[in-house]
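Peer 1: Chains A and B, in that order, are what the protein sequence lines are.
Here this note's numbering is used: the first residue of the first sequence is 19, the next is one more, and so on.
Here this note's numbering is used: the first residue of the second sequence is 17, the next is one more, and so on.
Hints listed in this document are in silico derivations from the structure and should not be mistaken for laboratory results.
In this text the structure is predicted, and so the values were computed from the model without any measurement.
Treat the hints with care, since some could be wrong.
As the list claims (entries may be wrong) - Calculated lysine-lysine pairs in the DSBU-like style (CA-CA distance at most 30 angstroms, straight line):
hint	chain 1	residue 1	chain 2	residue 2
1	B	Lys44	A	Lys74
2	A	Lys282	A	Lys200
3	A	Lys261	B	Lys203
4	B	Lys203	A	Lys46
5	B	Lys93	A	Lys261
6	B	Lys97	A	Lys131
7	B	Lys44	A	Lys369
8	A	Lys261	B	Lys131
9	A	Lys317	A	Lys290
10	A	Lys111	A	Lys131
11	A	Lys52	B	Lys156
12	B	Lys155	A	Lys74
13	A	Lys290	B	Lys120
As the list claims (entries may be wrong) - For each label pair, taking beta carbons as the anchor points, the in silico distance ranges come out as:
hint	chain 1	residue 1	chain 2	residue 2	range
14	B	Ile193	A	Pro263	28 to 34 angstroms
15	A	Lys205	B	Asp39	31 to 37 angstroms
16	A	Ile68	B	Glu255	37 to 43 angstroms
17	A	Arg146	B	Asp150	46 to 52 angstroms
18	B	Lys24	A	Tyr194	47 to 53 angstroms
19	B	Lys120	A	Glu26	20 to 26 angstroms
20	B	Lys176	A	Asp214	42 to 48 angstroms
21	B	Lys120	A	Asn368	28 to 34 angstroms
22	A	Glu47	B	Ile193	49 to 55 angstroms
23	B	Lys176	A	Ile23	58 to 64 angstroms
24	B	Glu255	A	Thr315	41 to 47 angstroms
25	B	Glu249	A	Glu364	31 to 37 angstroms
26	B	Ser41	A	Tyr220	52 to 58 angstroms
Unchecked claim - Facing chain A, a subset of chain B residues (Cβ under 7 angstroms, in silico):
hint	residue
27	Ser41
28	Glu79
29	Ala80
30	Lys120
Where is the CB? At the ideal position from N, CA and C, for every residue including glycine.
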Amino acid sequence: MIERILEEADKLLKDKDQRNNIEDILTKEKLSPKDFLSLILDDDDNNLFIMAEISKKITERYFGKVINLFTPLYLSNFCICGCSYCGFSMENKNLKRIKLNTEEIIKEFESIKSHGIDSILLLTGCDRINTPFEYILSGVRIAKDMFSEVVIEVYSLEEEEYRILATNGLTGVTLYQETYNKEVYKKLHPYGPKKDYYYRLYTQERALRAGVKEVTLGVLLGLNDPIEDVFKMVLHAEYLLKKFPNAEISISFPRFRPAGTNFKEAFKVTDKMLLRFIFSTRIYLKNVGITLSTRETPKLRDALIGYGITKMSAGSKTSVGGYAKDYSSGNQFENEDRRSVEEIVEVIRNKGYRPEFTNWIGGLIV
Amino acid sequence: MSLMIGGKLIVNRLFVGTGKLPDYSVIKRMYEELKIEVFAVAVRRINLEKGTKYSILDFLPKEAKIMVNTSGARNHKEAVKIALIGREITNSDWVKIEISGELKYLFPDNEETLKASEILVKEGFKVFPYIFPDLVLAKKLEDIGVSAVMPLGSPIGSNKGIDCETLLKAIINEIDIPVIIDAGIGKPSHAAKAMELGADAVLINTAIATSFDPFLMAKAFSMAVSAGRLAYEIGLPKEQEYASPSSPLADLIRGETK
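Take these sequences, add in the hints, and give me the full structure.
Peer 2: Next up, the structure:
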């Protein structure tokens, strides 16, 4: 059970001053959770350079010289949760609430596809009344005929619902726990369905049991002590890898970005810390996918190509629609990398990597 | 030197996987300048919209042999579906059955692979199952009519080379269909070694794709493969513990009468 693993993690976090030697860790074949914790707690620049090079080798071995590209599309910003850090929060009374209808969705898809994108991430807020399961199912069905990879990032669903989606073309589920600290979680999610920490924690398992092929985990860095969150998230990913050896598990490291709310992050995660988290994760979980979004600056994204990252979003908008038509609906968070898909493709090529658009891991065979 | 396989006469025994390549345009040069004829292509990576400048189908020379690959399949049913789609979009009936049992070592699921092979042979495919080196399984596959077996040398991408020589030799010695060593070959010397052991061909992706110059590395592998094959065909000398004097001297010593 993941709960027991998280309890063990708490024990190790309590003794975090007793670290293992980094040089020893980096020569080991199999690392322990304590080794991983020691890596993310380390603060030596020279070690970080070594970790970067090791990450590069491991990434090439498992994923080749390839970066997968996808584009997110917000279908709706309706939300009945009061998460203080999120631009779509119900508390945000000034936000214009909209949801795309079928015709609008198709237009947005066509616009996204015109840039060569073949992998789509569909997002909604957390609202079963305005965006019921049937709405998400309908979005997936339309997407399946236009994209090879269809991933959703919506509210947490029931296993049976994931089963229906998987048999209708859904390939992946992205869902962030936001923070693994129960107390902080409780404070930041005062009401709405997202309030239930454990229901959310078991989302990936429900999806994988239902036949979904890939899941992505994430914490919103800045909400809580990042060491605790990254440590627990990576152990959660490891647990899923062991339990579902055939599933493709990915991790995302979103850092908090201003979202039109008054929320101030509790912890600042620097670029260097983010790099250390990414490299440590790559060294600990060699075959896990790592996603980097347009929240990050072009400078950081470009520098990380080849060093642990396997998947990047490109040409992203974080308001509803926005590709075919601007609905002026307000952003969930602010983008840092506003370059077009074509520009990102060029950067990846110039770095000696191949931008990969297609990944029919489930779409072809349902 | 050439190899009859899957109903086709192949000269270059180096087969190249495409999944990890940094740039598909190198495929054409490999075909034209190195005469590499067989390219493995994962169906899951084929962009169906040709001419979008991102589809691998636009980079594969018409005369090259495409071996579609079912990677991403979790069981035989999925592998069969992927193979059928792969044949339809590439027009190639060569299929490498790759069913992963787990994703850390990328070891194949031999049981599911056998089931998929049975179905796809009946469907008229030239079947190339990627397997864990198991002679008993290889014999079963031979019986059902696959075109070759593709045992791994060591885990995919590990660059460890021929890490299970005894198991591979058993397969090479005991079955009559071609044996292609797939996965784990990291250096040209590994490829030469595989050929010296009597493998009929090797399939390489990671070592070529992730090298500093994939084209030149493919060239190096191609040379190693021909060298290893040639040596195998000539017959390699036996290894022994002590020096063996060459014959004129031996004649003098052994041939002297009392």
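Peer 1: The structure should be examined with respect to each hint, and the outcome stated for every one.
Peer 2: Quick rundown of the hints versus the structure:
1. Lys44(B) <-> Lys74(A): This hinted pair holds, its Cα atoms lying about 27 angstroms apart.
2. Lys282(A) <-> Lys200(A): holds (19 angstroms)
3. Lys261(A) <-> Lys203(B): violated (34 angstroms)
4. Lys203(B) <-> Lys46(A): Given that 30 angstroms is the threshold and the Cα spacing comes to 23 angstroms, the pair holds.
5. Lys93(B) <-> Lys261(A): Judged against 30 angstroms, a Cα distance of about 22 angstroms means the pair holds.
6. Lys97(B) <-> Lys131(A): holds (25 angstroms)
7. Lys44(B) <-> Lys369(A): OK: lysine 44(B) and lysine 369(A) at ~21 angstroms, within 30 angstroms.
8. Lys261(A) <-> Lys131(B): Distance ~24 angstroms between lysine 261(A) and lysine 131(B) Cα, so the pair holds.
9. Lys317(A) <-> Lys290(A): holds (13 angstroms)
10. Lys111(A) <-> Lys131(A): Answer violated: lysine 111(A) to lysine 131(A) is near 33 angstroms, above 30 angstroms.
11. Lys52(A) <-> Lys156(B): violated (46 angstroms)
12. Lys155(B) <-> Lys74(A): The given pair, whose Cα atoms are some 40 angstroms apart, is violated under the 30 angstroms limit.
13. Lys290(A) <-> Lys120(B): holds (28 angstroms)
14. Ile193(B) <-> Pro263(A): 28 to 34 angstroms: Once the Cβ atoms are compared, 30 angstroms apart, the range 28 to 34 angstroms for proline 263(A) and isoleucine 193(B) holds.
15. Lys205(A) <-> Asp39(B): 31 to 37 angstroms: violated (49 angstroms)
16. Ile68(A) <-> Glu255(B): 37 to 43 angstroms: Between isoleucine 68(A) and glutamate 255(B), where Cβ atoms are some 40 angstroms apart, the hint holds.
17. Arg146(A) <-> Asp150(B): 46 to 52 angstroms: holds (50 angstroms)
18. Lys24(B) <-> Tyr194(A): 47 to 53 angstroms: holds (50 angstroms)
19. Lys120(B) <-> Glu26(A): 20 to 26 angstroms: About 21 angstroms separates the Cβ atoms of lysine 120(B) and glutamate 26(A), which means 20 to 26 angstroms holds.
20. Lys176(B) <-> Asp214(A): 42 to 48 angstroms: This hint holds: roughly 46 angstroms between Cβ atoms.
21. Lys120(B) <-> Asn368(A): 28 to 34 angstroms: holds (32 angstroms)
22. Glu47(A) <-> Ile193(B): 49 to 55 angstroms: violated (36 angstroms)
23. Lys176(B) <-> Ile23(A): 58 to 64 angstroms: violated (31 angstroms)
24. Glu255(B) <-> Thr315(A): 41 to 47 angstroms: With a Cβ separation near 59 angstroms, glutamate 255(B) and threonine 315(A) fall outside 41 to 47 angstroms, so the hint is violated.
25. Glu249(B) <-> Glu364(A): 31 to 37 angstroms: violated (48 angstroms)
26. Ser41(B) <-> Tyr220(A): 52 to 58 angstroms: violated (46 angstroms)
27. Ser41: For serine 41(B), the interface hint is violated, since the closest Cβ of chain A sits about 10 angstroms away, which is over 7 angstroms.
28. Glu79: violated (24 angstroms)
29. Ala80: Since the shortest Cβ distance to chain A is 19 angstroms, the answer is violated.
30. Lys120: This interface hint holds because 5 angstroms falls under the 7 angstroms limit.
Of the numbered hints stated above, those contradicted by the structure are hints 3, 10, 11, 12, 15, 22, 23, 24, 25, 26, 27, 28, 29, listed in ascending order.
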